[in-house]
Structure formats: structure tokens, C-alpha cells
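Trainee: If you read the sequences in order, they're chains R and C.
Note that the numbering used here has the first sequence beginning at 1, numbered continuously upward.
Note that the numbering used here has the second sequence beginning at 1, numbered continuously upward.
None of these hints come from the bench; they were simulated from the model.
Source: prediction; values computed, not measured.
Keep in mind that the hints are not guaranteed to be accurate.
Pairs count within a copy or across copies, as identical chains cannot be separated in the list.
Heads up, simulated BS3-like pairs for lysine-lysine below, C-alpha to C-alpha not over 25 Å straight-line [said to hold, decoys possible]: (1) K64 - K189; (2) K189 - K133; (3) K238 - K15; (4) K15 - K69; (5) K15 - K340; (6) K69 - K176; (7) K129 - K340; (8) K238 - K186; (9) K238 - K69; (10) K340 - K186; (11) K211 - K133; (12) K133 - K238; (13) K69 - K133; (14) K238 - K189; (15) K189 - K69; (16) K69 - K211; (17) K238 - K64; (18) K197 - K238; (19) K211 - K176; (20) K238 - K340.
There are 2 protein chains.
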Amino acid sequence: MGVYGNREVAADILKRIWGGRGIFTCTVANTRTSTIPGVSDAGDTPELTMFTPAADAELLVNGKVTCMKGIPINPGGIPTPATLTKAALELSGMAYFIVNAGCEVEPFVPYFDMGGECGEKIVTGNSVKNVRKVYEKGYMLGESLARDHDYVIISESCAGGTTTALAVMMAMGVLKENLVSSSSPKNPKELKSRLVKEALSAAGIEPGELKDDPLRAIQCVGDPMMPANIGILCGAAKSVPVIVGGGTQLAAVMAGAKVLHPELVGNFMQGTTRWLMNDPNSSMSRIMDSISDRIPIVYANVDYTDSPYEGLQAYEWGFIKEGVGCGGASVGAIASSAGKITCADLVDRVHTIYRGIMGF
Amino acid sequence: MGVYGNREVAADILKRIWGGRGIFTCTVANTRTSTIPGVSDAGDTPELTMFTPAADAELLVNGKVTCMKGIPINPGGIPTPATLTKAALELSGMAYFIVNAGCEVEPFVPYFDMGGECGEKIVTGNSVKNVRKVYEKGYMLGESLARDHDYVIISESCAGGTTTALAVMMAMGVLKENLVSSSSPKNPKELKSRLVKEALSAAGIEPGELKDDPLRAIQCVGDPMMPANIGILCGAAKSVPVIVGGGTQLAAVMAGAKVLHPELVGNFMQGTTRWLMNDPNSSMSRIMDSISDRIPIVYANVDYTDSPYEGLQAYEWGFIKEGVGCGGASVGAIASSAGKITCADLVDRVHTIYRGIMGF
């Protein structure tokens with residue numbers, strides 16, 4: 001594993017969770033922002049991006065997808081990162097649950113309902129309903145999850161979520177430029193920046209104006225995944241360490257949690273992948289630098305270079321990189337097993353899962 | 001603890017869970033059957049019985065009720081058995097989650113959504129929607145809960161549920177007479193028997209006709225708690241022992257599980273209270289005799305005789321007796337702690353909780 005940022009905090013958290021029992025959650029939600037052509041590649045077409053969160057949840061829990069045909073893919077057939085998440089959960093034996101923060105397409109699995117609804121396009125300037133209630137339910141859930149586990153992992157499957165993350169972090173003044181990632185190697189940065197500008201304008205918000213009010217920023221220009229995950233993070237981190245599994249989408253969650261509960265900084269870290277850290281078209285490290293110098297990034301060095309499958313090799317070419325908590329689950333599997341599970345083990349298991357899904 | 005029925009199975013299960021890590025669930029649901037005057041005392045008025053499941057869930061998770069004023073009480077002010085459940089969960093430190101199988105009044109807590117809806121009055125003969133889907137989601141949840149726990153406890157808060165249980169067990173031919181319990185010491189047996197007769201007639205079912213089809217019996221004359229709990233029981237019991245926490249309502253669940261998955265008998269037992277076992281107006285033991293000779297009843301000898309509070313002493317006079325998994329949670333607390341937690345400890349903690357709630 002690699003570490004970026006505060007090594008002291010990272011070492012302290014890793015020490016406390018090493019060999020411990022973790023619990024993994026994946027928060028699924030929709031935002032209609034993902035259906036704006038060009039925004040999201042997390043789905044074969046803009047319409048199919050709405051099915052991706054539910055399908056990811058089904059794949060994790062059931063090993064098969066029932067809400068649509070096939071599994072979530074990016075255009076070109078690159079498989080969802082849920083394949084890696086599943087490998088990490090299988091190898092570690094970790095408990096895991098789905099959290100539904102607001103899905104238009106419902107996953108056919110048991111999930112924690114947060115009372116949220118599908119988010120609107122951010123250009124409406126009025127994107128997310130029930131933000132405070134979803135946050136409060138998330139907080140209670142975080143407390144419950146922490147009750148008999150040594151640490152909690154949160155994550156997301158929410159197509160379109162890097163655009164909403166950019167919007168929220170601009171509204172909060174965390175970001176002044178577009179540093180967020182994309183599931184495509186051709187990050188549509190101009191389109192995203194334009195949509196965010198429109199969204200802030202529609203909401204009547206100046207960049208940085210909502211520095212102290214992340215929930216309001218989310219209500220205006222965010223997505224439903226955010227208040228749920230900020231809640232879970234804050235509810236859990238007051239008693240156990242939390243791994244925030246994900247990429248730039250989760251940066252908005254961490255920025256929000258830091259404002260609402262600054263006392264919890266030091267008890268959570270980001271868990272992600274080297275694919276994201278190496279992305280030339282985004283900068284996870286610069287985003288985190290601007291949020292806090294006490295939230296380290298720990299990343300798993302999973303490597304698909306030698307994979308016999310082109311769909312997986314594509315991760316090495318800049319496709320996908322993160323999502324469905326694949327990085328956080330990998331870090332968790334390594335930590336829970338006290339290092340016995342290696343990145344090579346994870347790749348082997350991904351191959352088995354991928355062959356099973358594709359019928360090779 | 002006392003044991004009724006198959007001591008060999010009871011000893012085997014207790015041995016396997018002794019000192020182990022359990023996880024407790026309480027499945028909440030409404031059936032409009034509870035609003036028929038005289039049917040249910042699980043609420044101060046027939047209308048308030050609809051609030052009882054949500055309020056119990058809130059009390060367990062938050063320690064306070066938000067969906068209504070006060071806490072669930074029986075007429076006369078006798079407090080919900082959730083007070084004992086909470087004591088057992090607090091002392092044991094056990095993880096616990098709420099399962100929503102179909103509530104008209106929603107609890108403001110994070111819960112597992114089973115995709116169910118509020119049940120209709122059983123006299124319609126068409127009481128529960130989505131029975132198979134709720135069962136299937138329950139099954140998946142049972143598998144997930146068993147994933148990293150040594151055993152699972154299921155339970156219910158569903159006012160009106162002894163009447164629906166009687167109806168389902170009559171439809172299945174498990175019962176030929178009215179042996180079910182009531183939260184009142186004046187069990188309204190004639191009313192219940194009459195409603196069940198009407199319900200079976202409305203559904204066009206002869207008693208015993210649905211011997212092999214519990215899900216259809218539930219759809220006709222049951223309540224939404226049942227398919228969820230049958231699912232959780234079956235999904236969990238294939239890998240870990242399950243404590244079925246509750247009274248005669250849960251007998252319908254066990255009868256259904258036995259038909260759908262007979263191979264699991266031997267891996268679950270009922271967990272309840274001595275109040276229920278001693279009830280002169282129902283017969284838990286005779287009901288279980290008619291279901292299987294391999295499903296033992298283990299009951300906690302919690303005793304409120306010397307309680308300084310009349311609301312609690314009333315349990316000794318035949319009020320309430322069971323519900324919200326108070327018996328199963330007590331058995332679980334004793335087992336998880338390898339006997340270190342005693343019934344006296346539970347009573348002490350109930351007093352603390354009760355004083356806190358009542359502001360004494």
C-alpha cells in the first residue's frame with residue numbers, strides 16, 4: 001500500500017485496524033446529472049448510467065444483476081470496479097451492507113433506506129431533497145455500524161458523482177479549479193466545469209459562499225450519496241476509525257464531515273487505488289491538500305498490467321480507476337488480514353469473479 | 001434459563017453460541033388488523049397500535065421516540081417490552097438493526113427495507129403484498145447477517161400479530177384451536193377466532209388447506225412481518241444458529257420456515273420469556289409441539305416481582321409478556337456473555353432505562 005499526506009495519522013489508523021474486524025458499506029444513489037450526455041461514462045449509454053448503482057449493489061450482494069441485462073460497464077465493455085470490491089470482500093470475509101441514499105432504479109437487495117430520493121440535475125440549482133434527514137439517518141447508521149466492529153468502510157456507487165462533487169467543493173470553496181476525476185480517460189473537464197458554473201448560478205451561490213454549510217451546498221448542487229455518507233462517516237468516526245473508500249467523489253464527503261465535525265479529523269483516512277493516484281487528468285492529492293493536512297490517503301497497489309483480460313487491462317490505461325469502494329475494500333482486506341491478503345491475491349480473485357460473470 | 005422441548009437441540013445450539021458474537025434484528029411492520037377494536041392492546045388505543053412498531057424501533061435505536069408522544073404503552077401505562085430488549089442489547093454490546101417489512105408509520109431510524117407494505121385487515125382475505133419478494137430480500141439479509149456473526153436473533157414488533165399468526169397457522173393446519181397469546185391478560189380469544197374464521201372464509205381457504213404453502217397463507221391472512229422473518233431465518237440458519245425471539249407470533253414464522261426449508265430444523269430455537277411460558281390463556285408449548293419436536297424453546301427467567309414500578313410488575317400479572325424480541329435478546333445476552341450477564345443484571349438495567357424514559 002502507498003500513503004500520501006499525513007503519514008502519522010495513516011500509521012496510527014492502520015495500527016488500530018490491523019488484524020481487526022471491519023464492516024463495509026456501499027452507498028448507492030442516482031443523480032439525473034449522470035444522464036446529461038457526456039457527463040458520465042459509468043454505463044454504456046447516458047440512460048444506462050441510472051442503472052449502474054443498483055446493478056453494482058446487486059452484483060456485490062447476489063453475484064448477479066437483476067435490474068438490467070449484463071453488468072455495469074463503461075463504453076467499450078470495461079467491467080465495473082465492483083469486481084475488485086467483491087474480490088476484497090470475499091477474501092476478507094468482511095461483513096458488508098448496501099445503503100440506499102436515493103435511487104430511481106431500485107436494487108433488488110436488502111439495503112439500509114436513508115429516506116432519500118433520486119437527485120435532480122445540478123443545473124436546476126435545487127438537486128437533493130431531505131438532505132438533513134438523510135444525514136441524520138446516516139449518522140445513526142454510522143453509530144450502529146461502529147457498535148461491534150473495529151472500523152467502518154464507506155463508499156459509493158453514484159454515476160455523475162464527480163460532477164456533483166466538483167460543484168459542492170466549489171460552493172464550499174474547497175476547490176477553485178476542476179481537479180476531479182472521471183471514469184473516462186478523456187475526462188470531460190470543460191463540460192463539467194460549465195455545468196457546475198450553471199448550477200451555482202441557478203442556485204444563486206458564489207464559489208466559496210457555502211464554506212460553513214455543506215448540507216446546503218449538497219441540497220443545491222450535490223447528490224443524495226453525500227449526506228448519507230457524511231452522516232455514516234461522522235456517526236462512526238466518533239468511536240472507531242473510518243476508511244473513506246473512493247476517489248474525488250468522496251472528497252466532497254470528507255470536506256463536509258470536516259466542517260460539521262472537525263473534532264473527528266484524525267480518525268478517518270481515504271482508501272483508494274493507485275490508478276486514481278496516478279491519473280494525469282485529476283489530482284486527488286491536491287484536492288486533499290486543500291481539505292486538510294490530517295486526512296491521509298492510503299492506496300492499494302492493485303495492478304492489472306499482466307491481466308489476460310483487456311477489460312481489466314483498461315484500468316491501467318486510465319479507465320474507471322475507482323468506484324464501488326474498490327480501493328477502500330482492498331485497503332480494508334489487506335488491513336483486516338494483517339497483510340496476509342496481498343494485491344496479487346486480489347487480482348487472482350478478480351480474475352475468478354470476472355470469468356464467472358463473463359462465462360469465460 | 002429454562003428449556004421446553006428438545007433439550008438435545010437446545011444444548012447443541014447453546015453450546016455453539018455460548019460466548020459468541022450475535023447480531024439482533026427487530027422486524028417492524030403494520031397490519032391494519034390491529035386497528036379492529038379489541039384485537040390489540042399493543043398501544044393505548046386501537047389507532048395508536050399503528051404507531052407501536054415505529055416507536056419501538058425508535059426507542060431501541062435512539063433511546064427516544066419521535067413518531068409519537070411518549071413511548072408505546074398498553075392501556076394502563078404498561079411500558080413496551082422494548083425496555084427489556086434495550087437492556088439486553090446495552091449490556092451485551094451486541095450489534096442490532098431494524099428491519100422494516102411494511103410500516104404505515106415509518107420509524108425515523110436507519111432500517112433494512114424489505115420492499116413490503118402495510119398489511120390489510122385479515123378479514124379482506126388478501127392481506128399482504130409482495131410476499132415472495134419480501135421473503136427473498138429477507139433471505140439475502142439473513143445470509144448477510146450470518147456472514148461475520150456466530151448467530152442471528154430475529155424478532156418482531158407488529159401489533160395485531162397474534163391474530164394474523166393464528167390465521168396463518170389455521171390456514172396451514174398447524175393449529176386447530178386458538179392457542180395464541182395476547183398482550184392483554186384478558187386475551188380476546190373469541191374475537192380473534194371469529195376474525196380468523198371470517199378471514200379464511202374471505203380468502204376461500206379451508207383450515208389446513210395451505211399446509212405446504214406458507215407464503216400463500218401469509219398473502220391471504222398474514223402480516224408483512226412474517227415473510228421478512230421467514231426469509232431472514234432461512235437465509236441465516238443455513239450457516240449459523242438462529243434464535244427466534246418472540247412468542248406465538250413467531251410460531252407462524254417457524255412453521256413457515258419448516259415447510260420451506262425443513263433441512264434447517266435443528267439449527268434454530270425459540271428464545272422467549274417465562275411470562276409467556278406461564279401464560280394461562282395461551283400455550284406456547286402446545287403450539288410448538290404441533291410444529292416440530294426439534295425446535296426447542298429457551299426462555300429467560302427475568303422477574304419483575306420485586307420491581308418498585310407498577311408498570312413493570314404488571315408483566316407478572318399477565319400483561320404484555322413478549323414482543324420486540326425481549327425474550328430472544330435476553331437469551332442472547334446471557335449466551336453471548338457466557339452466562340456473565342444474569343437476569344438480575346437485566347432487571348437492574350431495565351430499571352435504569354425505565355427511570356430515564358419516565359423522568360423519575
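Trainee: Can you give the numbers of the hints that this structure goes against, from lowest to highest?
Mentor: 1, 2, 4, 6, 7, 8, 9, 10, 14, 15, 16, 18, 20
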